[in-house]
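Trainee: Sequence:
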Amino acid sequence: MTHANEAPEVIMFVRHGEKPGEGTKPHGVNHHGEHDGHSLSVLGWTRAGALAGLFAHVPSQAHPHIVRPGRVIATRPTEEAKSKREIHTAAPTANRLKLDIEDGHTHGNEAELVGEVLGRPENALVVWHHGTMAKIVRHFPIVNPDDVPKHWPDERFDLIWVLVRQPGEELAYRFVIVPQMLLADDLETV
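This note's numbering numbers the first residue of the sequence shown as 15 and each following residue consecutively.
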């Protein structure tokens, strides 16, 4: 069992940046600008860079509950899940903050991720596929579980889901959603 003094104060979750269309534009490109359907779109790369700026300059009034992460965690591609988008979204933030990307996790081992995050005191940024994000968040001790959406909205790349540790002896977090408001079309609502 994790003790409250070993766990982070804040855990932040972002979906990977915008992805390429399904066989249509926009195309995915790697960091060399070459076509790659498993990478981010140009807009996704733009978001990844904007997130690096955000996490380097927090806290701010525009982004309550967002803190500078002490660790960056992202899923790595596998033969079954080939997406490089999580790593590519995390890389600018990790580079800017001079942190290594912890990429020892793959899709499907969400419960293991929770134990690893809670086992260290550093505030964490988790970059993951949106399809299992709600499942991950529900594995944490949350005081307001009814506020966690059933699914990350398919059309939203502009949100940060945040767990803020609550005071007390018992390890518990409060779930909040913060709009990124980084790019021109980002929504101010959650």
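The reader is advised that the hints may include incorrect statements.
Below, simulated EDC-like cross-link-like pairs (lysine to aspartate or glutamate); rule was C-alpha separation at most 16 Å, straight line [what the hints assert, rightly or not]:
#1 Lys149 <-> Asp168
#2 Lys33 <-> Asp168
#3 Lys112 <-> Glu93
#4 Lys149 <-> Asp114
#5 Lys39 <-> Asp50
#6 Lys33 <-> Glu126
#7 Lys33 <-> Glu20
#8 Lys96 <-> Asp50
#9 Lys149 <-> Glu124
#10 Lys33 <-> Glu48
#11 Lys149 <-> Glu136
#12 Lys96 <-> Glu36
#13 Lys149 <-> Asp161
#14 Lys96 <-> Asp117
Hint data in this document are derived by calculation from the structure and do not stem from the laboratory.
Trainee: Hinted pair, alpha-carbon criterion (16 Å max): Lys33, Glu126. Please report holds or violated.
Mentor: The hint is violated at about 26 Å.
Trainee: For the pair supplied as a hint, Lys39 and Asp50, is the alpha-carbon distance within the 16 Å limit?
Mentor: 12 Å, holds
Trainee: Check the hint pairing Lys33 with Glu48 against an upper bound of 16 Å on the C-alpha distance.
Mentor: Holds - the C-alpha atoms of Glu48 and Lys33 are around 14 Å apart, at most 16 Å.
Trainee: Under the criterion that the straight-line Cα-Cα distance not exceed 16 Å, is the pair Lys96, Asp50 satisfied?
Mentor: The given pair, whose Cα atoms are some 11 Å apart, holds under the 16 Å limit.
Trainee: Does Glu20 lie within 16 Å of Lys33 when you go C-alpha to C-alpha?
Mentor: Roughly 36 Å between the alpha carbons, so the hint for Lys33 and Glu20 is violated.
Trainee: Does the structure keep Lys33 and Asp168 at a Cα separation of 16 Å or less?
Mentor: 12 Å, holds
Trainee: For the pair supplied as a hint, Lys149 and Glu136, is the alpha-carbon distance within the 16 Å limit?
Mentor: 22 Å, violated
Trainee: Given the hinted pair Lys112 and Glu93, is their alpha-carbon gap at most 16 Å?
Mentor: 29 Å, violated
Trainee: Hinted pair, alpha-carbon criterion (16 Å max): Lys149, Asp161. Please report holds or violated.
Mentor: Roughly 13 Å between the alpha carbons, so the hint for Lys149 and Asp161 holds.
Trainee: Against the 16 Å threshold, does the CA-CA distance of Lys149 and Asp168 hold or violate the hint?
Mentor: Roughly 15 Å separates the two Cα atoms, so the pair holds.
Trainee: Does Asp117 sit within 16 Å of Lys96, going by the straight-line distance between their CA atoms?
Mentor: 14 Å, holds
Trainee: Is the straight-line distance between the alpha-carbon of Lys149 and that of Glu124 16 Å or less?
Mentor: 8 Å, holds
The structure fails hints 3, 4, 6, 7, 11 (numbered hints given earlier, in ascending order).
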